[in-house]
Amino acid sequence: MLEVVLRRLVQAVGVVFVLSLVSFVGVYKIGDPVQLLAHESATEQEIAAARERLGLDRPIHEQYAAFVGRMAVGDFGTSFVSSRPVVDVIVERLPATIELTLAAFLISVAFGLPLGILAGLYPQSPMSNAIMAGSILGFSLPAFWFGMMMIMLFSVELGWLPSIGRGETVTVLGAQWAVFSRDGWAHLLMPALMLSLTTLSLVIRLVAAGMREAMMADYVKFARLKGLSERRVVLLHALKNVMIPVVTVLGLEIGSLLAGSIVTETVFAYPGIGKLLIDSINRLDRPVIVTYLILIVLFFVVINLIVDLIYTALDPRVRDSLR
Amino acid sequence: MRAAGDPDRPLARFWREFCRGRLAVAGLVATVLLVAAAVLAPVIAPQDPYDLAEIDFLDGELPPMSTGGAGQTYWLGTDAQGRDMLSAILYGLRASFAVAFSASALALAAGTTLGLVAAYAGGRLDAAIMRLAEIQMSFPAILLALMLLAIFGRGIDKTIIALALVQWAFYARTVRGAAIAERTKEYVLACRLLQLPRWRILVLHLLPNVLPPLLVIASVQLASAITLEATLSFLGLGLPLTEPSLGLLIANGFDHILSGQGWISVYPGLALLFVIVSVNLLADRLREMSNPRLKR
Amino acid sequence: MTDATAKADEPLLDLSDVSIVFDTADGPLVAVDQLRLRLARGQVLGLVGESGSGKSLTGFAIMGALDPPGRVGGGRILFDGEDLTTLDPAALRRLRGNRMAMILQDPMLTLNPTLTIGTQIIEAIRAHRPVGRAEARRLAVAAMRRVGIGDAEKRLDSYPHEYSGGMRQRVSIAIALLHAPDLIIADEPTTALDVTVQAQILLEVRRLVEEMGSAWIWISHDLSVVAGLADRIAVMYAGRIVEEGPARTVLTRPRHPYTQGLLRSAPDNPPLADGRLWQIAGSAPAIAHRVSGCRFRPRCPRADAACAEPPPDSGTTHRFACWHPHDGEAVR
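As you go down the protein sequences, you meet chains D, H and Y in turn. Using our numbering, you'd call the opening residue of the first sequence number 1 and step up by one each time. Using our numbering, you'd call the opening residue of the second sequence number 1 and step up by one each time. Using our numbering, you'd call the opening residue of the third sequence number 1 and step up by one each time.
Same shape as in the complex, but just chain D (with noise of 0.2 Å):
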């Protein structure tokens, strides 16, 4: 079991040095920040003098040991743009994204499982047909499009929803949160709600399909020829086999979710790190980009190993084979 944890654990610091590296050269090579940043009227000196300040002027080798040495100590440097640490710019901005993740993601299971067990325990009836067409539908509405399309409903034309920003956000351990206001609710709910979309399709189609599956297998029959309540051979014999692999995917989707915050944030130009990426690519601030990716990278490679952990966790049978 630990020999596996490590291993991994190997595995994924070579993921994080890899990727760290592949995205440093890669953001390194595009575009000349300076050029965008500096006035129309700056001169040849001006700008190799703020070349030579952001440590520009230097071949690329040494400027990604420099950034690895800075990293390594917790300073990620400076925004281009803004002159302020990035890490302060990305802290900053997490909370928000931290909330709408969290939002899309509860929506997603406290709607997806009991939509999805319904769908896979009557298959063919009318209500399951109309819950795995709407997952179909999910799935295939272009995401942004759905938040567009929110807007020109709830805040264009009935005007009962705010379609821009975070809303009024209230300090609680030195952060800004917008879940303690009644006004950060309504500017979180339709972010929220794309966000949710596909991960909310996903889940229910997993879990019809395993429902479907696990009500045919012969542990449910026998459990129902036990003289079991239907309710306890569903909820507990059928479920708990089906949550297993939707349990793994849900921890994955986390990190799906985190990406399509990016979109979404944009949509809604909802002031999180999604939007902060997009506007630093739009203005080539290399910092905060290079930084942005390590981290989700970072995040992801956490996530996988948790997930794997939580999976063996579940499965007795997984667990075992590892003893």
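FYI, nobody ran anything at the bench for these hints, they're computed from the structure. Check the hints yourself; a few may be wrong.
Stated by the list, open to error - Facing chain D, a subset of chain Y residues (Cβ under 7 Å, in silico):
id, residue
1, Ser16
2, Ser19
3, Ala127
To be verified - Negatives, chain H to chain D, calculated, CB over 10 Å:
id, residue
4, Val39
5, Ala121
6, Pro140
7, Ile142
8, Cys191
9, Val203
10, Leu204
11, Pro240
Backbone N, C-alpha and C fix where the C-beta goes; we use that ideal spot for every residue, glycine too.
Given chain D, put chains H and Y in place with the hints provided.
Just chains H and Y now, kept in the frame of chain D:
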């Protein structure tokens, strides 16, 4: 199971089986019509939306069913430049399909080749290819494509390459898995006894056997490529402004939503949705047919 | 074994004209029909047939546990005088696992892989008896001991994958026996096991049958397995019972050509002149390809034009449905 003396050829059987899903047939018909519309866009579109000579700036932001200055009807309205939205959508469809089909074809070719190479070579090369595929698949496609395009910059060719780079692994894994499973079967052993070269066994005998799963993946990935391209273009990272796909049309309409000219992004969005639903219905049926556990 | 015919004034189980239907997109498919079967208390019935003959479906139908789209299409299933086909689901659930139990074929698939053996036994106890956890656990240990599982106390917390196939089938049998049911339906419970384990389990079951006095329906494709266990034997072909009677009579003086064929194709028969074993020509038809009249006629050496009409049910204690039955001389 095949009854003795069944005269059916596999293709006819496949077709009959496919047609049992009525929705899937609708999806197939719609997909064929949409592809035809995209291919024939220059012929059937009321105007060439990118020929400035054909566009009347004074007809800008007209709602659907309006009559233009020259007496023509704009069925789906016009955008801010006076471009006929119906024509723009048909051309957008063309761009979206072109990118998605090219990317899927490229991914299919690259993935299949790498999968066969991995199965054929084994050892370290196999491990390296599969490890790469695994890493790629552990990240969401949109994130990887976005990273790649942030590095490459905008452009049709770059978008196609980026999409192919985030999709090859699905093919590679399937082909390798199937090739290794097939390797132990009798006909491969027979080929080996006949001393046919290994690559010939792989290409001529293995490939036809892995085609069904590849078809399923390709149909799923085609739908996903269309969505990805649209999303990337919406973010301003995909296609250039000079060759607008449906995603870019929607993005252009975004600013107009708040001022009440919703049609500029509603109709391209509906078109995009229609495309993706059609392809997904098709893909769903193919997947259903290839899953023996759901066949009852 | 008990002399069943003597005290069969009111049968425990009485199936009359039962049919089992599958609702499909192309209309209903009749899998089993015209099913007549009687079982006295404490009697053991061997239900024999090839796969697809409807013998397992019959078992599930009696238990009221047919999976949709399958359902009982008609007829009555009287259990202790009560018609199970008209019983509401809650009442049926109270009977299942309590007064009637079923053991399935493949022990590797029967137990839930994500729950401990203990959980799966204890829930079956508590489903029908209002006992506390500790008492249920004590009963579970006793149940496992009864089927010959040593070290039961400790093994209660294991998962199914830690058990061998034979051990798992012992657990299913233990679960079926928990509430000393009046009727136990065993659906080929030894087929999926190793030959040596098969023998052990069979021995165990024979002991339990005598000990508990339950009535059994032992479903099998193999006449020889049933031969040593059953008081009566019913032979099914393509959804119908073709012959039914006292075990000895059916085994030694079969009247229906299909039963005769089954007996002649058993591997302990002397081989034919060319060294091969005798076998019935052709194979059992799929539901959609069944013929009218006698369903066995395409494979039957005795078939003629008369067999296109449904054969009459002849005999009383030894019934058979055939136009040209064998005359009942001993086959061996």
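Tested hints:
no. : hint   : result
1   : Ser16  : violated (24 Å)
2   : Ser19  : violated (21 Å)
3   : Ala127 : holds (5 Å)
4   : Val39  : holds (22 Å)
5   : Ala121 : holds (22 Å)
6   : Pro140 : violated (4 Å)
7   : Ile142 : violated (5 Å)
8   : Cys191 : holds (36 Å)
9   : Val203 : holds (32 Å)
10  : Leu204 : holds (36 Å)
11  : Pro240 : holds (15 Å)
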